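Each chain, written out:
Protein chains: 2
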Amino acid sequence: MTANDRTRRSFSTAEAVAILQRTPATLDALLRGLPETWTNGNEGETTWSPFDVVGHLIHGERTDWIPRARIIVEHGETKDFEKFDRFAQLAVSKGRSLAALLDEFASLRRQNLQTLNALNLTDADLDRRGRHPELGVVTLRQLLSTWVAHDLDHIVQISRVLASQYSDEVGPWRAYLRIISGQQG
Amino acid sequence: MTANDRTRRSFSTAEAVAILQRTPATLDALLRGLPETWTNGNEGETTWSPFDVVGHLIHGERTDWIPRARIIVEHGETKDFEKFDRFAQLAVSKGRSLAALLDEFASLRRQNLQTLNALNLTDADLDRRGRHPELGVVTLRQLLSTWVAHDLDHIVQISRVLASQYSDEVGPWRAYLRIISGQQG
Chain A
1 MTANDRTRRS
11 FSTAEAVAIL
21 QRTPATLDAL
31 LRGLPETWTN
41 GNEGETTWSP
51 FDVVGHLIHG
61 ERTDWIPRAR
71 IIVEHGETKD
81 FEKFDRFAQL
91 AVSKGRSLAA
101 LLDEFASLRR
111 QNLQTLNALN
121 LTDADLDRRG
131 RHPELGVVTL
141 RQLLSTWVAH
151 DLDHIVQISR
161 VLASQYSDEV
171 GPWRAYLRII
181 SGQQG
Chain B
1 MTANDRTRRS
11 FSTAEAVAIL
21 QRTPATLDAL
31 LRGLPETWTN
41 GNEGETTWSP
51 FDVVGHLIHG
61 ERTDWIPRAR
71 IIVEHGETKD
81 FEKFDRFAQL
91 AVSKGRSLAA
101 LLDEFASLRR
111 QNLQTLNALN
121 LTDADLDRRG
131 RHPELGVVTL
141 RQLLSTWVAH
151 DLDHIVQISR
161 VLASQYSDEV
171 GPWRAYLRII
181 SGQQG
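Protein chains in written order, with the numbering used here: chain A, 1 to 185; chain B, 1 to 185.
Don't take every hint at face value.
Unchecked claim - In silico contact screen, one side only, chain B against chain A (beta carbon under 7 Å); selected entries:
#1 Val17
#2 Ala18
#3 Leu30
#4 Pro35
#5 Val138
#6 Val148
#7 Glu169
#8 Val170
#9 Gly171
As the list claims (entries may be wrong) - Selected chain B positions facing chain A (Cβ under 7 Å, derived; list incomplete):
#10 Arg9
#11 Leu34
#12 Gly41
#13 Asn42
#14 Glu43
#15 Ala149
#16 Leu152
#17 Ala163
Think of the hints as simulated: they come from the structure by calculation, not from any bench. Treat the numbers as computed from the prediction; the structure is a model and nothing was measured. Every residue gets a Cβ at the ideal spot worked out from N, C-alpha and C, and that includes glycine.
Produce the entire structure from the sequences given, and follow the hints as far as they go.
Spelled out as C-alpha cells, the structure:
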C-alpha cells in the first residue's frame with residue numbers, strides 16, 4: 001500500500017480509536033428522541049430494529065472486543081475466545097428505553113477505550129495471536145480492525161432498516177436508491 | 001398496512017422531519033475531527049469519499065429537495081424539475097475543509113426544514129404531482145420520502161467507505177462482516 005492509496009489503510013490504533021470513540025455519539029444523534037415507530041421498525045420476521053442493534057452493541061462491549069483482546073494478551077492461542085451470543089440483546093434490552101441503552105453503550109465504550117489505551121499496545125502486541133472458536137487463528141490487529149468495521153456495519157444496518165420503512169413511499173425513485181433496491185454500488 | 005406492521009411505514013411529514021433534522025448532527029458526530037486519512041478515503045477510481053458525500057448533500061439542499069417541492073406546489077406537472085448534477089460537489093467542495101462543509105450542510109438543512117414547515121402541507125398537497133425529467137410523474141409525498149431515504153443511503157455509503165479501508169485488516173472476520181463482504185442481509 002502506498003501513502004496515496006485512498007482505498008485501503010493499514011491498521012493504526014490511533015485511527016481505529018478515532019472511529020470507535022465516535023460511534024456512541026453518532027448513534028445518539030441518529031436515534032435519541034426519534035419516534036418509536038422508527039426505532040422499533042425492522043425488516044420483517046426476526047430481523048433487528050435499531051433498538052435491537054443498540055442492545056447488540058452493548059453486549060459486544062461487555063463480552064466481545066476487550067474481553068477477547070485480554071484473552072489474546074494473557075493467553076495467546078492457548079485459550080479459545082468465548083462464543084459470542086448473537087441473541088443476548090433480547091435480554092439486555094428487555095423493558096428498557098432506547099435512551100437508557102444509548103447511555104449504557106456510551107459509558108461502556110468509554111471504559112473500554114480507556115482499557116485499550118492502558119494496554120499500551122506495540123506493533124509486536126498487535127501481531128499476537130488468539131484462537132477464535134469458529135475462525136481459528138486470528139491476530140489482535142484483526143480483532144481491533146473488526147471492532148471498527150463492526151461498528152460501521154451496524155450503522156449501515158440501522159440506516160438501512162430505517163430507510164426500508166419507506167420502500168413503498170419513494171415510488172419510482174426506488175430505482176435510484178441503493179439502500180432500498182438492495183444493490184450495493 | 002396495519003399499525004403493528006414493523007416493516008413499512010406510511011409517509012408522515014412529522015416522522016420524515018424527525019429523520020431529516022438529525023442527519024447533520026449524525027454526520028457531524030461521525031466525521032468531524034476524524035483524520036483525513038479516513039475522510040478522504042474512497043473505494044477506488046472515481047468513487048466518493050466521505051468528504052465528497054457531504055458536498056453532494058449540500059448540493060442537494062441547494063438544488064434538489066426543496067426547490068423541487070416548490071416546483072410541484074407552484075407548477076405541478078407543467079414544469080419539469082431541473083436535472084440534478086451528481087458531480088457538482090466537486091466544485092462545491094474544492095479547497096474547503098470538511099468542518100466548513102458540515103457547518104454549511106447543517107445550516108442549509110435547518111433553513112430547508114423551516115421552509116418545509118412554512119409550506120404547511122396537507123394530505124392533499126402530498127398527493128400533488130410533478131414531473132421528473134427521467135422518472136416521469138412523481139408525487140410530493142414520494143419526493144419527501146426520497147429525501148429521507150437519500151440521507152440514510154449516504155450514511156450507509158460513508159460507513160461502508162470507511163469500513164472498506166480495513167477490508168484486508170479484518171482478516172478471517174471478513175466472512176462475518178456484510179459491510180466488507182458486500183452481502184446485504
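Would you settle whether the hint for Val17 (chain B) is holds or violated, based on the nearest Cβ-Cβ distance to chain A being less than 7 Å? Hint on Val17 (chain B): violated, closest Cβ of chain A at ~10 Å, above 7 Å.
Glu169 (chain B) was flagged as interface toward chain A. Is the shortest Cβ-Cβ separation under 7 Å? holds, 4 Å
Interface hint status, Val170 (chain B) versus chain A (Cβ within 7 Å): The hint holds - Val170 (chain B) has a Cβ within 7 Å of chain A, the shortest such distance being about 5 Å.
Return the status of the interface hint for Pro35 (chain B): holds when the least beta-carbon distance to chain A is below 7 Å, violated otherwise. Holds - the Cβ of Pro35 (chain B) comes within 7 Å of chain A, reaching about 6 Å at its closest.
Would the stated hint for Leu34 (chain B) survive a check requiring a Cβ distance to chain A of less than 7 Å? holds, 5 Å
Would the hint on Ala149 (chain B) stand, with a C-beta cut-off of 7 Å toward chain A? Interface hint status for Ala149 (chain B): holds (4 Å vs cutoff 7 Å).
Per-residue hint verdict: Val138 (chain B), partner chain A, C-beta under 7 Å: This interface hint holds because 6 Å falls under the 7 Å limit.
Using Cβ atoms only, decide whether Leu152 (chain B) comes closer than 7 Å to chain A, and label the hint accordingly. holds, 4 Å
Hinted contact Leu30 (chain B) with chain A - closest CB pair below 7 Å: This hint holds: Leu30 (chain B) lies near chain A, its Cβ roughly 4 Å from the closest one there, short of 7 Å.
Interface hint check: Ala163 (chain B), Cβ to nearest Cβ on chain A, cutoff 7 Å. Holds or violated? holds, 4 Å
Grab the minimum C-beta distance from Asn42 (chain B) to chain A and call the hint holds if it beats 7 Å, violated otherwise. Constraint on Asn42 (chain B) satisfied, holds at 5 Å.
Interface hint compliance - Glu43 (chain B) to chain A, C-beta minimum distance less than 7 Å: holds, 6 Å
The structure fails hint 1 only (numbered hints given earlier).
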